[in-house]
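Undergrad: Make the full structure from the sequences, and use the hints.
Taken in order, these protein sequences are the chains called A and B.
Every number in the numbering used here is 8 more than the matching position in the first sequence, counting from 1.
Every number in the numbering used here is 8 more than the matching position in the second sequence, counting from 1.
Heads up, a few of these hints could be off.
Copies of one chain are not kept apart here, so a pair can be met inside one copy or by any two copies together.
[Claimed, not checked] Within a straight-line C-alpha distance of at most 30 Å, the following computed BS3-like cross-link-like pairs (lysine-lysine) qualify:
no., residue 1, residue 2
1, Lys391, Lys107
2, Lys227, Lys205
3, Lys107, Lys394
These aren't lab readings, by the way, just hints derived from the structure by calculation.
Only a predicted model underlies this, so the values are computations on that prediction, with no experimental measurement involved.
Protein chains: 2
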Amino acid sequence: MTTPTPLSGFPEWLPGQRIIEQQIVERIRRTFELHGFAPLETRAVEPLDQLLRQGETSKEVYVLRRLQADAEDPSDAGLGLHFDLTVPFARYVLEHAGKLQFPFRRYQIQPAWRGERPQEGRYREFTQADIDVVDRDDLPLHHDVEVVLAAADALAGLPVPPVRIRTNNRKVCEGFYRGLGIDDPAAALRAVDKLDKVGPDGGVRLLTETAGATEAQAKACLSLGEINAPDAAFVERVRALGVNDPLLDEGLAELTAVVEGVAAHVPDVVVADLSIARGLDYYTGTVFEIALPGFGLAIGGGGRYDNLASAGTDRYPGVGISIGVTRLLGVLFARDALTVSRPVPTCVLVAVPDEASRPGCDRVATALRRRGIATEVSPSAAKFGKQIRYADRRGIPYVWFPGAGDAGDEVKDIRSGDQMAADAATWSPPEADLHPVVAGSGG
Amino acid sequence: MTTPTPLSGFPEWLPGQRIIEQQIVERIRRTFELHGFAPLETRAVEPLDQLLRQGETSKEVYVLRRLQADAEDPSDAGLGLHFDLTVPFARYVLEHAGKLQFPFRRYQIQPAWRGERPQEGRYREFTQADIDVVDRDDLPLHHDVEVVLAAADALAGLPVPPVRIRTNNRKVCEGFYRGLGIDDPAAALRAVDKLDKVGPDGGVRLLTETAGATEAQAKACLSLGEINAPDAAFVERVRALGVNDPLLDEGLAELTAVVEGVAAHVPDVVVADLSIARGLDYYTGTVFEIALPGFGLAIGGGGRYDNLASAGTDRYPGVGISIGVTRLLGVLFARDALTVSRPVPTCVLVAVPDEASRPGCDRVATALRRRGIATEVSPSAAKFGKQIRYADRRGIPYVWFPGAGDAGDEVKDIRSGDQMAADAATWSPPEADLHPVVAGSGG
Numbered sequence: 009m010t011t012p013t014p015l016s017g018f019p020e021w022l023p024g025q026r027i028i029e030q031q032i033v034e035r036i037r038r039t040f041e042l043h044g045f046a047p048l049e050t051r052a053v054e055p056l057d058q059l060l061r062q063g064e065t066s067k068e069v070y071v072l073r074r075l076q077a078d079a080e081d082p083s084d085a086g087l088g089l090h091f092d093l094t095v096p097f098a099r100y101v102l103e104h105a106g107k108l109q110f111p112f113r114r115y116q117i118q119p120a121w122r123g124e125r126p127q128e129g130r131y132r133e134f135t136q137a138d139i140d141v142v143d144r145d146d147l148p149l150h151h152d153v154e155v156v157l158a159a160a161d162a163l164a165g166l167p168v169p170p171v172r173i174r175t176n177n178r179k180v181c182e183g184f185y186r187g188l189g190i191d192d193p194a195a196a197l198r199a200v201d202k203l204d205k206v207g208p209d210g211g212v213r214l215l216t217e218t219a220g221a222t223e224a225q226a227k228a229c230l231s232l233g234e235i236n237a238p239d240a241a242f243v244e245r246v247r248a249l250g251v252n253d254p255l256l257d258e259g260l261a262e263l264t265a266v267v268e269g270v271a272a273h274v275p276d277v278v279v280a281d282l283s284i285a286r287g288l289d290y291y292t293g294t295v296f297e298i299a300l301p302g303f304g305l306a307i308g309g310g311g312r313y314d315n316l317a318s319a320g321t322d323r324y325p326g327v328g329i330s331i332g333v334t335r336l337l338g339v340l341f342a343r344d345a346l347t348v349s350r351p352v353p354t355c356v357l358v359a360v361p362d363e364a365s366r367p368g369c370d371r372v373a374t375a376l377r378r379r380g381i382a383t384e385v386s387p388s389a390a391k392f393g394k395q396i397r398y399a400d401r402r403g404i405p406y407v408w409f410p411g412a413g414d415a416g417d418e419v420k421d422i423r424s425g426d427q428m429a430a431d432a433a434t435w436s437p438p439e440a441d442l443h444p445v446v447a448g449s450g451g
Numbered sequence: 009m010t011t012p013t014p015l016s017g018f019p020e021w022l023p024g025q026r027i028i029e030q031q032i033v034e035r036i037r038r039t040f041e042l043h044g045f046a047p048l049e050t051r052a053v054e055p056l057d058q059l060l061r062q063g064e065t066s067k068e069v070y071v072l073r074r075l076q077a078d079a080e081d082p083s084d085a086g087l088g089l090h091f092d093l094t095v096p097f098a099r100y101v102l103e104h105a106g107k108l109q110f111p112f113r114r115y116q117i118q119p120a121w122r123g124e125r126p127q128e129g130r131y132r133e134f135t136q137a138d139i140d141v142v143d144r145d146d147l148p149l150h151h152d153v154e155v156v157l158a159a160a161d162a163l164a165g166l167p168v169p170p171v172r173i174r175t176n177n178r179k180v181c182e183g184f185y186r187g188l189g190i191d192d193p194a195a196a197l198r199a200v201d202k203l204d205k206v207g208p209d210g211g212v213r214l215l216t217e218t219a220g221a222t223e224a225q226a227k228a229c230l231s232l233g234e235i236n237a238p239d240a241a242f243v244e245r246v247r248a249l250g251v252n253d254p255l256l257d258e259g260l261a262e263l264t265a266v267v268e269g270v271a272a273h274v275p276d277v278v279v280a281d282l283s284i285a286r287g288l289d290y291y292t293g294t295v296f297e298i299a300l301p302g303f304g305l306a307i308g309g310g311g312r313y314d315n316l317a318s319a320g321t322d323r324y325p326g327v328g329i330s331i332g333v334t335r336l337l338g339v340l341f342a343r344d345a346l347t348v349s350r351p352v353p354t355c356v357l358v359a360v361p362d363e364a365s366r367p368g369c370d371r372v373a374t375a376l377r378r379r380g381i382a383t384e385v386s387p388s389a390a391k392f393g394k395q396i397r398y399a400d401r402r403g404i405p406y407v408w409f410p411g412a413g414d415a416g417d418e419v420k421d422i423r424s425g426d427q428m429a430a431d432a433a434t435w436s437p438p439e440a441d442l443h444p445v446v447a448g449s450g451g
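TA: Below is the structure:
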């Protein structure tokens with residue numbers, strides 16, 4: 009076969025980058041658990057009718073087919089890969105409701121797939137780290153605050169630039185559009201969500217063509233989207249636009265509570281931004297977008313979905329937020345903004361004097377591993393200089409020489425060249441050398 | 009919508025089971041890192057021509073198609089989900105060879121997909137935990153021993169019954185078949201691999217029909233498969249069958265070295281078992297099967313593949329072993345053989361006296377989390393009795409009452425009923441309560 013080439017939109021990391029990803033995911037996971045979210049995974053596939061309930065994203069779904077389809081066994085026909093972790097989670101809650109305790113809190117860190125055209129920050133396969141809370145019948149608004157605080161805490165624990173969580177509320181937009189007299193507020197929201205791509209003139213055109221807005225109404229929609237504030241000051245500016253509607257009032261009250269609720273615990277993280285629409289149709293109230301200021305990309309988002317998990321008279325409103333792990337890493341890797349001290353877990357290489365001594369070298373490695381020191385045994389009994397160069401090329405800081413000294417074994421720090429007597433039953437490296445260390449390089 | 013139902017072959021765990029899975033995966037991961045294997049992940053998809061190089065598994069591949077296929081952008085046409093982690097790893101090595109250090113050692117814990125008929129222990133989506141070592145041009149046999157020792161160490165660290173690693177060598181079988189005079193040793197190997205399903209008579213029939221064997225030759229093949237031993241005693245029994253071939257000699261020497269190499273470090277783990285064939289065509293020497301004695305199922309396998317990762321004159325022989333995480337858990341969950349002390353990470357629930365006090369309760373939670381204690385704040389300011397019952401239902405061992413005592417806060421162990429004064433800046437639970445504890449129940 010010929011040398012394979014990368015697949016556009018399906019990123020793969022080199023070993024050092026993968027260690028960075030793993031440590032980042034691990035820290036996110038730990039923070040989510042500290043906030044009382046339980047781990048959960050769902051299968052990668054959902055029936056297409058589940059995936060297509062949302063409309064707009066249908067074009068991006070990857071459908072599965074068995075290469076040699078089995079007409080006698082249609083049980084895996086009509087399946088597609090999930091495009092986010094919220095739709096599968098809502099399905100999971102409905103399916104297992106009888107065995108869950110509510111409010112049910114879970115985090116979920118898994119890949120998702122979308123058949124989009126690849127571009128910077130847009131992948132066809134990408135890992136997301138989500139938290140959500142769902143309850144039966146009603147879910148108090150303080151959970152909208154809670155998921156932001158947990159996500160902000162998780163992100164603050166990473167070696168990445170500070171984030172901003174831009175927050176809006178669908179009720180503000182829909183209430184405002186309704187109060188303006190626009191016939192189809194949902195279509196208006198979809199048009200406003202495209203403003204980034206089509207610009208203000210294109211936005212006015214979309215609003216008049218798809219949502220039945222007059223030009224004056226369309227311009228008022230754009231004015232609403234220009235409002236943002238780090239505190240409740242946005243309310244007055246919305247009021248100044250002179251639109252009245254009960255849903256608008258409800259949305260403004262909710263958005264104020266979320267912005268003030270977060271600001272009471274962490275400053276400078278949340279900002280009310282009335283341009284935020286979010287592409288997914290299932291949101292019904294609060295919506296979030298996690299921005300990485302200076303990088304021009306959202307690296308996450310989320311919101312409140314009151315109707316996603318419903319079956320018959322059972323209703324499970326939820327709220328959640330998602331950190332786009334692959335997107336975050338992709339943008340930082342492209343700027344060399346994350347470093348790792350070595351691309352292997354190995355701390356010690358046990359040198360092998362000759363192949364007959366390999367079992368003894370293996371026993372040294374076992375003794376070191378038992379005390380939590382990642383160790384491998386040299387792949388060959390080459391000259392010691394060559395074995396040291398092998399360790400050096402792989403970034404392994406220590407080489408162990410069994411029986412090298414008068415008193416027994418010796419260990420060399422190959423960075424400094426220092427070599428000293430050592431006993432595999434007691435020697436430990438400095439804490440900083442035990443594991444690969446990930447850091448932001450500020451690059 | 010109606011209540012969703014499970015998809016056959018796509019298992020999903022309940023929250024407590026998922027905590028067990030996560031801790032098991034975490035322990036496997038740590039052991040693999042202690043042995044100097046670096047983490048790696050590959051994308052879920054491969055071009056079909058990569059996946060179909062192996063022949064037999066082609067019928068099981070899930071092919072992807074975009075729901076609204078884009079004729080202008082065929083870049084994601086002809087992709088399928090990987091059915092193991094070895095084929096993608098071999099492709100990764102070829103693709104990134106210029107950026108890797110050899111021998112390259114990695115572990116990989118990810119799902120794989122096969123469109124097989126579901127049955128006990130056979131899933132359509134399943135997680136595997138693999139380690140592999142590949143080198144350029146040649147890979148010494150001691151790595152075959154190394155991967156068994158690392159996998160055995162990983163499995164010994166789990167609360168699961170002791171495993172047996174049944175080992176064979178393709179060269180023994182192929183050399184033996186060749187020495188017998190069978191025309192198509194590869195076909196003979198495939199026939200022998202089906203013995204489990206077809207029985208001895210069916211095996212003789214398959215061998216005569218598909219591999220061109222005489223009945224006497226077929227019976228000799230079956231006799232070879234009946235040989236097993238925990239040490240090198242198998243060699244004499246093979247020799248007693250009176251077949252001679254240089255490849256057989258090579259295989260017997262390799263198999264002896266692997267069995268004795270492992271036994272020198274861990275007793276009672278490895279056994280030479282000449283019935284082991286393994287279904288995948290890419291193995292060229294050592295093959296492994298991880299058995300869970302008493303459960304009647306293999307929970308992993310692996311082997312040596314000298315030709316899988318080759319492009320032009322570049323050749324990267326490899327050896328690896330795979331733990332079937334989903335299969336292991338499936339069989340143990342079905343027998344209630346694993347338990348967890350609670351199905352949530354949460355150690356403390358902070359009670360909320362009234363909604364106006366929620367921000368103060370959030371601050372208590374923040375203080376506890378900062379010291380690594382997983383904490384959540386009560387979802388409602390209900391009567392304390394109801395809040396305690398909420399904690400009890402979820403398995404949370406402690407409830408914190410802000411300002412409940414004369415001296416400040418109090419904390420209650422809701423299992424014993426003991427309540428005492430506590431300061432969120434200093435209080436810690438006993439170590440055993442800090443995280444959910446997973447154990448084997450011996451069931």
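Undergrad: Looking back at the hints listed earlier, which ones does the structure fail to meet?
TA: none
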